[in-house]
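2 protein chains.
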Amino acid sequence: MALLAVGSVALDSLQTPFGVREDVLGGSATYFSTAASFFAPVRVVAVVGEDFPQVHVDFLRGRGVDVSGLERRAGRTFRWSGRYEFDLNQAHTLDTQLNVFADFRPELPEAFRDSSHVFLGNIDPELQLRVLDQVRAPRIVAADTMNFWISSKRATLLEVLRRVDLLFVNDAEARQLAGEHNIVKAARAILAFGPRAVVVKRGEYGALFFSGTEVFASSAYPLAELFDPTGAGDSFAGGFMGYLARSGSLEIPAMRRAIVVGSVLASYAVERFSLDRLRDLGPHEIRARYAEFRRLAHFDDLDVDVLPVAPRP
Amino acid sequence: MALLAVGSVALDSLQTPFGVREDVLGGSATYFSTAASFFAPVRVVAVVGEDFPQVHVDFLRGRGVDVSGLERRAGRTFRWSGRYEFDLNQAHTLDTQLNVFADFRPELPEAFRDSSHVFLGNIDPELQLRVLDQVRAPRIVAADTMNFWISSKRATLLEVLRRVDLLFVNDAEARQLAGEHNIVKAARAILAFGPRAVVVKRGEYGALFFSGTEVFASSAYPLAELFDPTGAGDSFAGGFMGYLARSGSLEIPAMRRAIVVGSVLASYAVERFSLDRLRDLGPHEIRARYAEFRRLAHFDDLDVDVLPVAPRP
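The listed protein sequences correspond, in order, to chains X and Z.
Residue 1 is where the first sequence starts when you use my numbering, and the numbers rise one by one after that.
Residue 1 is where the second sequence starts when you use my numbering, and the numbers rise one by one after that.
To be clear, the hints were calculated from the coordinates, so they are not data collected in a lab.
Computed spacing ranges between beta-carbons, pair by pair:
(1) Phe148(Z) <-> His92(X): 26 to 32 Å
(2) Asp114(Z) <-> Arg287(X): 46 to 52 Å
(3) Glu85(X) <-> Ser151(Z): 20 to 26 Å
Note that the structure is a prediction, hence the values are computed from the model and not measured.
Positions of the beta carbon are idealized from the N, C-alpha and C atoms, including for glycine.
Bound-form chain X, shown alone (with noise of 0.2 Å):
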């Protein structure tokens, strides 16, 4: 099993109600790969700038990141500048600078082409097609996107819905894209677009994974200490991807387990800034908190009889 992630690498400058970074690690291959490294080797595809630090590189490569798809480009690297507030559902873009990231024209290395699990983060359309023709014949593709892109490229979007297994989406995405408030009724609609799965990504309430008559409701670990929600959505695609490149299931129990790794990945990176808690995350704490998961989630069957004929006083 190879698990191969294209998307961004970025340098993000961040304001919370808890503090302010400038220029620190960040974007969507980075969190997804980070956090699929507990589980599985990644091999990414992304594109810098010559002011990318080569701190972050040998990071990813420390984590066991395949990094020969990471091209380097004369210019800057894409950046991205946001502010949280108490509500830290609701990211505000200050700022977005494409940079290289404006050119970037995924191209796998010829080694790259054989993986059997595959990530498009939430890049162009455009670019999600060029890497599903590049890749062989891969066991599962999943793909991220955002408003932006449901809006300004639907009919690439839906084409890429097409040829995926499964598509990552948070509630206001999935309402977007399906035109239908009610979430149950828009991931039909999405599935009737082509995936063979949609998970509706809930930030502190949770997810939701759909697939045929399949669902499953996986709450969020309720955070006492809760940082900065930057990369939460890729961290929890990258452990849900990472499991299931490890686990080699595609089938629903491995389905369920993944959306619980993930949700234990997401939990931990907004723990702190940037990627500082994925950093020293320890392979005890994920098992750790998939048992907080477990007890989280835990009840009983019914033990009793629900009255048959309302009882007369």
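Start from chain X and add chain Z according to the hints.
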């Protein structure tokens, strides 16, 4: 075990994207009693006006509700009028006519004073204290409240909290009451006010239960058809307290089951207007949806190792 409910019995006028209804049966004690009546006989203390249709009283009696504490007074019944947009999580109050409810002074029939399980619906905390003075030795008292009392009668509400075992609140109420945005910290702050458990209701996102170091997260049932969220919280509380009264246990496993039973009743309540869905609900449907909640939340133990050291490519 005997379950007492004190709250409102009302006539509601509702506007939703799916239709309008005028002067339909509503009120916290009504939803609570009906939901609870699937598990235990309920005693209700409330007040209605001369205009309150006898057919509604007969309905409650038919559900096994002891209506000897339902006072009928000169004047009009409490009326609430509300509107929901597509985001059904948020009720917009159009009009509130307290009518006879303005002078409600709950007076427990002597036979109600030995109630083992007590629900204080969302009424003036002074009236909640008045009820507490009239019950002898309840095994568990649960209370509901709302933003209006949190801001206008905070001191009295805190006195209530010192005397109840469990508080039902929604996210916003928890934050307002605790003066803390993080929901885990808010719940802990509320526990410090006195109750040994707090249930945070999150509408379509489910519910969180906190008691000591115990946390339980229940997802809401993802509904494709959702017509009228009025009474969802009281139906939840009714299922919860009804189950506890039936079970006889107040241990954590029972509390977890109670949360799910509450979620089941709330999920049905919102499928149609007013109490229409609860009216024709059968015991088998409650058991079936409880089983669906089990499937919805189920996932297995982690079946792979987490990589101890990142693999090198």
